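Q: Chain by chain, the residues:
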Amino acid sequence: GNSVTQMEGPVTLSEEAFLTINCTYTATGYPSLFWYVQYPGEGLQLLLKATKADDKGSNKGFEATYRKETTSFHLEKGSVQVSDSAVYFCALSDPGGSNYKLTFGKGTLLTVNP
Amino acid sequence: EAGVAQSPRYKIIEKRQSVAFWCNPISGHATLYWYQQILGQGPKLLIQFQNNGVVDDSQLPKDRFSAERLKGVDSTLKIQPAKLEDSAVYLCASSAGSISTDTQYFGPGTRLTVL
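Line by line, the protein sequences give chains A and B. The number in this note's numbering is simply the position in the first sequence, starting from 1, with 10 added. The number in this note's numbering is simply the position in the second sequence, starting from 1, with 22 added.
Source of the hints: derived by calculation from the structure; they are not laboratory data. Honestly, I wouldn't trust all of these hints.
A short, non-exhaustive set of chain A residues, derived as facing chain B with CB atoms under 7 Å [said to hold, decoys possible]:
no. : residue
1   : Gly53
2   : Leu56
3   : Thr61
4   : Ala63
5   : Phe114
Okay, the calculated bits of chain A under chain B, using three or more residues with CB under 8 Å as the criterion [what the hints assert, rightly or not]:
no. : stretch
6   : 91-103
7   : 115-122
Given the structure is predicted, the values throughout are model-derived calculations rather than measurements. In this text, a Cβ means the ideal position worked out from N, Cα and C, and glycines have one as well.
The following block holds chain A by itself, in its conformation from the complex:
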């Protein structure tokens, strides 16, 4: 079956540090890949997505590249801010089935200190 594995958290960084959150996946077909973010007290928001191999999704300074050869979709940001503190979820949507439900990783809590 489909699965998503994210690096264990929590991750604590100082402002302006470089961020990497690792994400690898297992899927039966050629999935679309997503990063969602959940700020404290809020719902999930789409951060970025990539729908085919070698695509790069980017938004708000975050980026992730769909690597089919390593089945990975690592999230990166060059300089984090305090406002980036949130839980980040990697997810996939697999077109191999009859529906396109999202399969999520467990989430990674990021705390950015000033």
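Given the coordinates of chain A, assemble chain B onto it according to the supplied hints.
A: For chain B alone, kept in the frame of chain A given last:
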């Protein structure tokens, strides 16, 4: 554009009681999803509707959970009777279509505590 609306935001009940959650998707979105998010885990799909028909309810505990989407717009999710392990955040999401590249938009969720 208004987002996905959910109510209530919080609910505390005793075990064996019943509870219902309501969701209003983004206008025009044909596909509606209910997810369960247990603390420390990613959301898990409970049920997916395409218009007012069920596409996937394979992970819905049907002995206690039920959901409906009348007229293909609003949806309600009910639990009866609730168990302690049902304590979670219940998320509603919607998407315009149902292909794998479609973005799902999430509501703020309903946090359920079962005592």
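Q: So, for every hint listed, does it hold in this structure?
A: Verification of the hints:
Hint status for Gly53 (chain A): holds, given a least beta-carbon distance of 4 Å to chain B, under 7 Å. Interface restraint check: Leu56 (chain A) against chain B, minimum CB-CB distance 5 Å, threshold 7 Å, status holds. Annotation: interface hint on Thr61 (chain A) holds; nearest CB of chain B at approximately 5 Å, less than 7 Å. This hint is violated: Ala63 (chain A) has a C-beta 14 Å from the nearest C-beta of chain B, more than the 7 Å allowed.
With 7 Å as the threshold, the beta carbon of Phe114 (chain A) comes within range of chain B, its nearest partner Cβ sitting at about 3 Å, so the hint holds. Three residues within the 8 Å Cβ limit are the bar, and the stretch 91-103 of chain A against chain B gives 3, so the coverage statement holds. Counting residues of the stretch 115-122 of chain A whose CB lies closer than 8 Å to any CB of chain B gives 3, which reaches the minimum of 3, so the coverage claim holds.
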